[in-house]
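K.L.:
Heads up: the protein sequence lines correspond to chains A and B, in order.
The first sequence maps to residues 1 to 249 in the numbering used here.
The second sequence maps to residues 1001 to 1181 in the numbering used here.
Calculated directly from the structure, the hints in this document are not laboratory data.
All residues carry an ideal CB built from backbone N, CA and C; glycine is no exception.
You may find that some hints are simply not true.
Beta-carbon label-pair distances, calculated as ranges [to be verified]:
hint	chain 1	residue 1	chain 2	residue 2	range
1	B	D1034	A	Q159	28 to 38 angstroms
2	A	R186	B	P1054	41 to 51 angstroms
3	A	R246	B	K1048	17 to 27 angstroms
4	A	Q222	B	Q1043	50 to 60 angstroms
5	B	G1052	A	A23	42 to 52 angstroms
6	A	A5	B	D1034	38 to 48 angstroms
7	A	A37	B	A1152	25 to 35 angstroms
Footprint (simulated), chain A over chain B, 3 or more residues, beta carbon under 8 angstroms [claimed, not checked]:
hint	segment
8	1020-1026
9	1056-1066
10	1070-1079
11	1148-1161
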Amino acid sequence: MACEAWRGKLDAYLDGELEPAEAAVLGVHLRGCAACAADALHRVQLKRSVASAGRRYEPGAALRAKIALHGAKPQRQIGWQWSVLVVPAALVLIVSVATSLYMSRENARRQRAYSELADLHVAALASATPVDVLSSDRHTVKPWFQGKIPFAFDLPDLQGSEFALLGGRVAYFAQTPGAHLIYQLRKHEISLFIFPGAAVETAGLPSGAVHALSFNMETWTQDGLQYFLVGDVAPGDIKTLSQLLRAGR
Amino acid sequence: MEVPDQPLPAATFDDLALPLFDQLYNFARWLTADTAEAEDLVQETYAKALRGFPSFRAGTNFRAWMYRILRNSFLSTRTGLKTAIDFKEDDPEISLLAESSTPESLLLEQANRQMVQQALDELPVHFREILLLCEVEDMSYQEIAETLSIPAGTVMSRLFRARKALRSLLQQRLGGGRHGV
């Protein structure tokens, strides 16, 4: 087939809409024809540019909250309609079903939140510069966050313990900036995230220890701030660090 | 795949609809070019989808269904009605033979994100929306056809025109630098 005819099919090919057999033949042609390959490359570039430029707008937190509430409404309405029609025993059943639905949705939301925190932890460690302020001195690290995050926090002195502060960086969770501190324990890095409680409320995280995605996590609230520890060390080590951080204040 | 032809349980509405929230907002904002209008449109879409959900049939594409609701709602707004005036049906018989790669196409490599965003803003809505559905939402031609309520053949020709229009806008913008290349 002539190049002209192939080029008429390039868009469908790159959009993944060509029949497999035809796509295979076109693939062979592209490997042998520099002009068509260059054309395909330009089209891919345009596709990529649009894909990137098109992801432009993010909804505000207020709208997100409204929509989330909105979605929860019909289940309550259904429960209400039934409760008018049936005996109280059925009401109990409906409430328990609604609770379990709510719990499973909460669970899914929590799981997403933990995944996001684990991502932040892994992404920081994978980065060439895991910390933006490199210091084991809490009096250097803490002031560095001034003006970068919308709250202040206290960092206890962990000298003498087996945990060493490596430094910190700014992290974003639920569109809110917070502090991300990295501690080291026997070659293992542990992330401490601190976010305003209000931001975390939308993520609906309860206090306590959690094991998710092979990471051990612990979270607690203090002075309106939500603290998270994430790391691949043993749950006991996470617990020890959380106790040190809580007690040191 | 055999899909039971019965309404989905109401509990799954959240599971299906909430994950689409960010994308729907992005799409709405592109259509309306206004934050407040986009927010109203997304809320209206969820309200309508919720009401219509009991009649939603398993086996139908839920994402295309949501986008269709959003788009139809948009077309009935004041902004949407204005944009619909200059909307012409595509000629499905259009030749899809693209012009061969011109030296100008090399210039596209220089187009930055902001430039592409401005060019998308300038495109007529029916070109902008189909590009977003295809490239950003990664929808198949069939899904796009369902969303826009047009035949699959028209998807291809409209996409072709939309890309051509976008390329031409970008080339115009980059035209100034052509002599330097």
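K.L.:
If you check the beta carbons of A/R186 and B/P1054, does the distance land in 41 to 51 angstroms?
P.N.:
Since the Cβ atoms of A/R186 and B/P1054 sit about 57 angstroms apart, the hinted range of 41 to 51 angstroms is violated.
K.L.:
Lying within 28 to 38 angstroms: is that true of the beta-carbon distance B/D1034 to A/Q159?
P.N.:
violated, 55 angstroms
K.L.:
How does the coverage statement for the segment 1070-1079 of chain B fare against chain A, requiring three or more residues with Cβ below 8 angstroms from a Cβ of that chain?
P.N.:
Since three or more residues must qualify, the claim that chain A covers the segment 1070-1079 of chain B is violated, with 0 doing so at under 8 angstroms.
K.L.:
Counting residues of the segment 1056-1066 of chain B with a beta carbon closer than 8 angstroms to any beta carbon of chain A, are there 3 or more?
P.N.:
violated (count 0)
K.L.:
A/A37 and B/A1152, beta-carbon distance inside 25 to 35 angstroms?
P.N.:
Because 28 angstroms falls inside the window, the suggested range holds.
K.L.:
For the hint 42 to 52 angstroms, verify it against the beta carbon of B/G1052 and that of A/A23.
P.N.:
violated, 37 angstroms
K.L.:
Holds or violated: 50 to 60 angstroms for the Cβ distance of A/Q222 and B/Q1043?
P.N.:
Distance hint for A/Q222, B/Q1043 is violated at roughly 36 angstroms.
K.L.:
Given the hint of 17 to 27 angstroms, check if A/R246 and B/K1048 actually sit that far apart at their C-beta atoms.
P.N.:
violated, 48 angstroms
K.L.:
For the segment 1020-1026 of chain B, does the count of residues with a C-beta closer than 8 angstroms to a C-beta of chain A reach 3?
P.N.:
holds (count 4)
K.L.:
Go ahead and decide if the range 38 to 48 angstroms is satisfied by the Cβ distance of A/A5 to B/D1034.
P.N.:
Given about 44 angstroms between the Cβ atoms, the range holds.
K.L.:
Can you confirm whether chain A covers the segment 1148-1161 of chain B, using C-beta to C-beta distances below 8 angstroms and requiring at least three such residues?
P.N.:
The restraint on the segment 1148-1161 of chain B holds, since 3 of its residues have a Cβ under 8 angstroms from chain A and three suffice.
Checked against the numbered hints given earlier, this structure breaks hints 1, 2, 3, 4, 5, 9 and 10; the rest are met.
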